[in-house]
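J.: Produce the entire structure from the sequences given, and follow the hints as far as they go.
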Amino acid sequence: MLQGQLEIQLIAIVTAVACALPGVFLVLRRMTLMSDAISHAILPGIVLAFFLTESLSSPLLILAAAGTGVLTVVFVELLQRTKLVKEDAAIGLTFPALFSIGVILISRFAGNVHLDMDAVLLGELAYAPLNRLETFGNDLGPVSLYVMGTILLLNLAFILLFYKELKLATFDASLAATLGFAPTLIHYGLMTLVSVTTVGAFDAVGSILVVALIAGPPATAYLMTDRLSRMLLLSAVVGGVNAVSGYWLAFAFDVSIAGSIATVTLLMFGLTFMAVPNRGLIAIARRRACQKWEFAQTMLVIHLFNHEGLPEAEAESEIAHLHEHLRWDPAFATQVVKYALNNRFVLQKETQLTLTQQGRTIAQQALVQ
Amino acid sequence: MENLNILARFDYTLMVVTIGAALLGAVSGSLGTYAVLRRQSLLGDAISHAALPGIAIAFLLTGSKAPLILVLGAAIAGWLGTLLIMSIVRLTRIKYDSALGIVLSTFFGFGLVLHTLIQRTGNANQAGLDTFLFGQAATILASDILTIGVLGGVAIVITFIFWKELKLLVFDEGFAASLGFPLRTLDILLTSLLVIAIVLGLQAVGAVLMSAMLVAPAVAARQWTNKLGLMMFLAACFGALAGVSGAIISSTASRIPTGPTIVLCATVVVGFSIAFASNRGLLWDWIRQKRNRRNLKMTEQP
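If you read the protein sequences in the order shown, they are chains E and F. Using the working numbering, the first residue of the first sequence is number 571, and each one after it goes up by one. Using the working numbering, the first residue of the second sequence is number 795, and each one after it goes up by one.
In short, the hints are calculated from the structure, not lab data. There may be inaccurate statements among the hints.
Claimed, not checked - Result set (DMTMM-like, lysine to aspartate or glutamate): computed pairs, CA atoms no more than 25 Å apart in a straight line: (1) F:Lys889 - E:Glu657; (2) E:Lys653 - F:Glu967; (3) F:Lys889 - E:Asp796; (4) E:Lys656 - F:Asp966; (5) E:Lys653 - E:Glu624; (6) E:Lys656 - F:Asp805; (7) E:Lys862 - E:Glu888; (8) F:Lys889 - E:Glu888; (9) F:Lys958 - F:Asp981.
T.: Printed below as a string of structure tokens:
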């Protein structure tokens, strides 16, 4: 593996993990689309700062863009506070307007600056290692690795420091407020982090695919676990795996790396959506299929239990008569009997069914319920 | 002089573009009404981004760049994306916003992959993606106006046919379900209409700004009325207004892209409506508050 390839993968992993961590809280707080809004709305900030610094990797650029991101959040909240506009519409109004200003600025002054629209919107991970950090003639590695590494540490520090506050504000905002945890402050802190992360990441993956990194891994992790700490860990891992496999897929087919990471994110989410135990589509389908047989089996044992030891028991426990007593068609009845025999809830003596001890308990339980 | 100058520029191309933008504004404004009322304002954003792989696949399969084929591909992909969002929300505990975000960004990413694949084979024009993202209102032709008019008209007529069903779905989903209306079918119908509006607008304003074309006129219209029919009509008017003024303003100076200008015009209409709309507007609210304060003071005095 070449050094360049290694560096690209490292940048991809660091970016993915840095995005996934705050993403967990966005997904849980139902504010994922805020990241979409921020990632588009920072465009005028980037353009204005770019006019001043003429460089795409200056710290001022990141600060200005992050400022615009926070401003977006403020705008959305102000609009919402008028009570004339709902949250989704407020988001849908704010970011296209800011984005339009950015696009107009770029095309008005495009002659003077080298700011490629595609670079902002789509990013290009392959070029990330070209911009290197050098001190006293020593090559210290790609700049974006340092930028994203710093942002990752910042996110990690914020989450570790304010873990219990974040947890409380996410799951019970009113309790957090009554206990004096200032959910508004936490909200803005989180939004500042999201802005900074988005700005840092747009360089590598562009503003549209940032959303894939922010929403994809946490949503995938959310399908797998019920614990916040585990969800954080899992989404970091999923983000990293997506980044690396996306890179190799892009390498194999010679296509856009960021796009390929997003595609893998969709595949990973889809796979989890299908196959995760208990909550996946397959599990749901299987449970639904089982429920039919479970229910029929319960009916059967209750039926047998009701007539057990009574004079009519012999007639009632005749397999051939089940369709008459329970209104099942004979084929279905045979299958239910087979299912119950497999579970050892009933015993078959020639054409007669008798309950086992286990079956009796099940019937009693079902009747109590 | 300035006015004369504008008039002089009002040539055939500009007229076609202006009419096209007005029609688009009217269609997306009136259909956006439903999205805004159902709190699905950002669905437009998701559909327009999710359309990209459809365009790429349509091109890969047919090798043709005929607008109709690409639009069909876009519509199918956008529609599939929405169905995916609906089923994620229905079958998992993942909420609407996250499902939207995932579909929007990953479909777009997949489209980007396909796009680079097409570029590598070298038989596509490089400008394709830019047009998709930002639109090129200047390329609206007279034949496009016909397409927009017919398809948009059909979509709006459908909302009239299913007026009471859609109204019920928008305002009281639970009641609609209890009356036995097929909710999921109606939901899909409404979404399909939205897909039509979006796909029509992609060419002119592009994916990124399409959501504003759906949301802004409807939000502005909402401030002036509490009636669905009037809101839809007003939204169509505001959308057309934004389209016309955006097209004209961007033609007065060089290098002002049309799509963003239309969006900014729509935003101005929203700002004006929120501030000054009769009864609901912030200004009247402020006056009412002042008057209430004064009345309270008067009653306080013995």
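J.: Check the hint pairing F:Lys958 with F:Asp981 against an upper bound of 25 Å on the C-alpha distance.
T.: OK: F:Lys958 and F:Asp981 at ~14 Å, within 25 Å.
J.: Take the C-alpha atoms of E:Lys653 and E:Glu624, compute the straight-line distance between them, and say whether it is at most 25 Å.
T.: violated (41 Å)
J.: Is F:Lys889 close enough to E:Glu888, meaning Cα to Cα at most 25 Å?
T.: violated (51 Å)
J.: Hint check: F:Lys889 vs E:Asp796, CA-CA at most 25 Å. Holds or violated?
T.: Distance of about 15 Å is within 25 Å: holds.
J.: Take a quick look at whether E:Lys862 and E:Glu888 sit within 25 Å of each other, Cα to Cα.
T.: holds (22 Å)
J.: Taking only the CA atoms, is the gap from F:Lys889 to E:Glu657 under or equal to 25 Å?
T.: Satisfied, since the Cα-Cα distance of roughly 15 Å is no more than 25 Å.
J.: Can you confirm whether the C-alpha distance between E:Lys656 and F:Asp966 stays at or below 25 Å?
T.: holds (17 Å)
J.: Take a quick look at whether E:Lys653 and F:Glu967 sit within 25 Å of each other, Cα to Cα.
T.: The hint holds at about 22 Å.
J.: Below or equal to 25 Å on CA atoms is what counts here, so check E:Lys656 against F:Asp805.
T.: With a Cα-Cα distance of about 41 Å, the restraint between E:Lys656 and F:Asp805 is violated, given a limit of 25 Å.
Of the numbered hints stated above, those contradicted by the structure are hints 5, 6, 8, listed in ascending order.
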